[in-house]
Each structure stands twice: as C-alpha cells, then as structure tokens.
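Chains as they are written, first to last, in the working numbering: chain A, 1 to 83; chain B, 101 to 183; chain C, 201 to 283; chain D, 301 to 383; chain E, 401 to 483; chain F, 501 to 583.
Don't take every hint at face value.
Listed next, the stretches of chain C that the computed footprint assigns to chain D, with coverage defined by at least 3 CB atoms under 8 Å from CB atoms of chain D [as the list claims (entries may be wrong)]:
1. 216–230
2. 236–243
3. 255–268
Read the hints as simulated data drawn from the structure, not as lab findings.
Note that CB positions come from ideal geometry on N, CA and C, so glycine has one too.
Number of protein chains: 6
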Amino acid sequence: DSHGEQEEPDSWLPSLITETPQEGFALAVTLSQKGVATTQPDAEVRKAKRAEYDDDPDSLIAASQVIATHFQTVAAANDYWRE
Amino acid sequence: DSHGEQEEPDSWLPSLITETPQEGFALAVTLSQKGVATTQPDAEVRKAKRAEYDDDPDSLIAASQVIATHFQTVAAANDYWRE
Amino acid sequence: DSHGEQEEPDSWLPSLITETPQEGFALAVTLSQKGVATTQPDAEVRKAKRAEYDDDPDSLIAASQVIATHFQTVAAANDYWRE
Amino acid sequence: DSHGEQEEPDSWLPSLITETPQEGFALAVTLSQKGVATTQPDAEVRKAKRAEYDDDPDSLIAASQVIATHFQTVAAANDYWRE
Amino acid sequence: DSHGEQEEPDSWLPSLITETPQEGFALAVTLSQKGVATTQPDAEVRKAKRAEYDDDPDSLIAASQVIATHFQTVAAANDYWRE
Amino acid sequence: DSHGEQEEPDSWLPSLITETPQEGFALAVTLSQKGVATTQPDAEVRKAKRAEYDDDPDSLIAASQVIATHFQTVAAANDYWRE
C-alpha cells in the first residue's frame, strides 16, 4: 500500500495518515493482516490455513470486524477526512 | 449507494460524510461488505457461501455487529448529524 | 419507535437524537435489528430463524453486544443526555 | 439499582449519571441484561436458559464483554468520575 | 489490587484513576473478572469452570478481549497517563 | 519491546507513548499477550496450547481483534502520531 515514504526496509507503518478514506480502509486491512501475521509469523502456515477461512462465512465476518475496528482508528487519526 | 460524486471507476469510498443518518447507516453496511469482499475477493465464492450465513442467526448477528462498528465511525465523522 | 416526525415512508432513521436515555436504548435496539434485516431482507426467513436464536443464550448475549455498540453511538450523539 | 428518582413505572433508565464508578458498573450490568431481555422478553425462557450459560465459561466471558462495552459508555457519560 | 483507599467493605471500585499504566491494566483485569463474577456470583462454580477455560486458547483470547475493552476505558479516564 | 526506560524488574508497561505507529502496534501486541498471560499465568500451559491456536484461522482472527482494540488505545494515547 502506498502511504509510505522513504523508510527503512522493516518499516511497514510509517504513518496512520492517508490521502483518502479509501486508502485509509486499505490501511485498516493491512493492520488486520499484520495482527494475524504477528501471531502466526510462518507465512506457509498462514497460506495453508487461508483456504480454510476464505471459505467460511463466519471467518470472513470476523475478519471484517477486525478491519472495522482498525478503520475506526485510522479514520480518527485522519479526522475523518473532513475538509 | 448515493453519496459518491464524480470519481474514478475504482473509487468506492470518496467520503464518510452523508446527508442523513440513514445514508450513514447504508454506508456502514457498504463498509462491512467491503471488509468481507477484501478478504474473499471472489464474488462467486461469496455468493455461494451467502446462502449459508443468510440463514444462520449467529452469522446475521455477527454481521450486524460489524455494521454497528462502522456506523460508530460514520456517525462520528458526521458529528452525529446534529443540526 | 417514537422519535420520528413527518418523514417519507422509507425513512426509518431521521435522527440519532432522543429525549431520554431510555428512548436512546430503544433506538439502539432498532439499529441492531436493522443490521440483521439489511443482511437478510426476507422477513419470513428472519421470523423462522428467530425461534432458534431466541432460545440460545449465546445468541442473546451476542445480540446484546450489538445493542451495546449502537448505544455507545446514540449516547455520544446525545452528549449522554447530560443536563 | 439506585440511580433513579421519581419516574414513571416503565422508566428504567432515567439517566446515565451515577455517584460512583461502582454504581456505574452496576448500571452497565443492568444495560447488558436489558439488551438480553429486549431480545427475549419472556422471563420464563430466560430463566430456563440461564442455568445453561451460567455454567459456560465462554458465555460468562461474552457477558462480561457486553458489560465492558456499556461501562465505556457510562464512564464517558460521567466524565470518568474524575474529581 | 492497590488503588483503593479507605472505603466501605463492599466498595471495590472507588476510582478509575491509577498511578501508572500498569496499575491501569491491573484494574482492567479486575473489571473483567468482576463482569464474570456478577453474572455467575457463585465462586465455587466459577472455580470449577475455571479449569475448563484456562486451558482453552479461544477462551483466553476472549478474556484478553474483555481486558482490552476495559483498558480503553481506564486509559481514557487517566488521560493515557500522558505527562 | 523497546519503549521502556530505567524501571523496576516487574515493570512491563511504563508508558503508552511510543516513537512511531509501528512501535505502537508492537505495544498493542504486547498488551494482547499480557491479557492472555494474566488469565493463564502458567507459561508451560500457554506454550502447549499455543500450537493449537496458531493453527486455527479463527483464533488468529480473534487475536488480531484484541490487538486492534489495544491499538486504538495506544494510537489515541499518542494522538495518532500526528506531526
């Protein structure tokens, strides 16, 4: 996602500020995935399991809930892109 | 939903501002669905699974929870449509 | 619920402002149900399934959670009905 | 719970303001139970099912989650009982 | 936990104010447990069931979620212990 | 994690303030784990069970939800790292 600037390789979250609400939503998705990746750092395991929950409506709704929570944070950080 | 203006084809979230609380609620529903669609981008799979959770009270309540979370964000963005 | 005024037939959410906290709670219940109804628009299906979750303590607690989330929004909109 | 004053019989939520944090917590419990009671208004059914979830750790944690959400609202309403 | 002062025996929540973030976290844990204890007041039952959920990763995560929600409240009450 | 200074051995949460959003996210992860560790203090039990939920997509999403909730708190404490 595109809101980064010149940062170190390990830096994946330089800022919560985005140009638009839609970029903010994309950042919320990134944050959600990072939460999963931090808990299960093995990308192979995550990939293997992904097929499982991609198919499960309840998992999809739960993932959408995490995104919603992060979107609250990102939206507040951006003062809701009012202006 | 109707709160968009002249935007690019890929733009689905130009603003969190809506005219009325009811439009804000509709936007919260859109955001919830987008969270699911981002996690499972294949519309065919989503459609196939939809019949499953449409029927499941717990899934419906969970979906309503995601909407409630997004509605908090949209309502705050609109200063609760107070006068 | 009674906080509406003269509005169009399709309008179910003219305002988040209520006279009392109790009316605010009732509005939170309405919002929760609307979240379910939006996801499953067929009232017959909802009614058939209602018997199922009306009986299930976990579903009742989950429904109460959605109400609590909406009540946060409504209470904030009304500045908590402080004086 | 004791934060009511002279109100009509049906009035159960005259205010979100309480004297102390502890009374605020008690109000959060009341709000949680009211959310359940609104969804399943039959007290007999609730009582019958209560034995079920009283015993289930996951249900108890879920109930505690609803209380936590309402406590956020009540605490904010009381400006966190600072000073 | 140590943030109480001279209070009546039944008083377990005299204030949301704590000296440090860490004490605030401990208070959030207390609040979470109180939510469970209020719903199931029989300590014997809670103890018997505790072995069950102490072992269950999903229960532990759910308990951590309740703590997180209360920590939001306590942190806001303390203005995040800034300066 | 690196946001501590000179503190006592038992001190694990000296402050909610971090230099960057990314350190704030790391702190949110720490808070989530601490919530689990407080509920199940036996590290051996936690380790044994970890293999279980590390593998379960729903547990991973639930863990991500707890992180998201704590990240809201940490982000607010840091005024969203706005300039």
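Three residues or more, CB to CB closer than 8 Å: is that satisfied between the segment 236–243 of chain C and chain D? Since three or more residues must qualify, the claim that chain D covers the segment 236–243 of chain C is violated, with 0 doing so at under 8 Å.
Just to make sure I understand the rule, a stretch counts as covered if three or more of its residues have a C-beta closer than 8 Å to a C-beta of the chain. Does the segment 255–268 of chain C meet that for chain D? This one holds; 12 residues, not fewer than the three required, reach chain D with a Cβ under 8 Å.
Outcome, coverage of the segment 216–230 of chain C by chain D - at least 3 residues whose beta-carbon is closer than 8 Å to one in that chain: Since three or more residues must qualify, the claim that chain D covers the segment 216–230 of chain C holds, with 5 doing so at under 8 Å.
Hint violations for this structure: number 2 only, all remaining hints satisfied.
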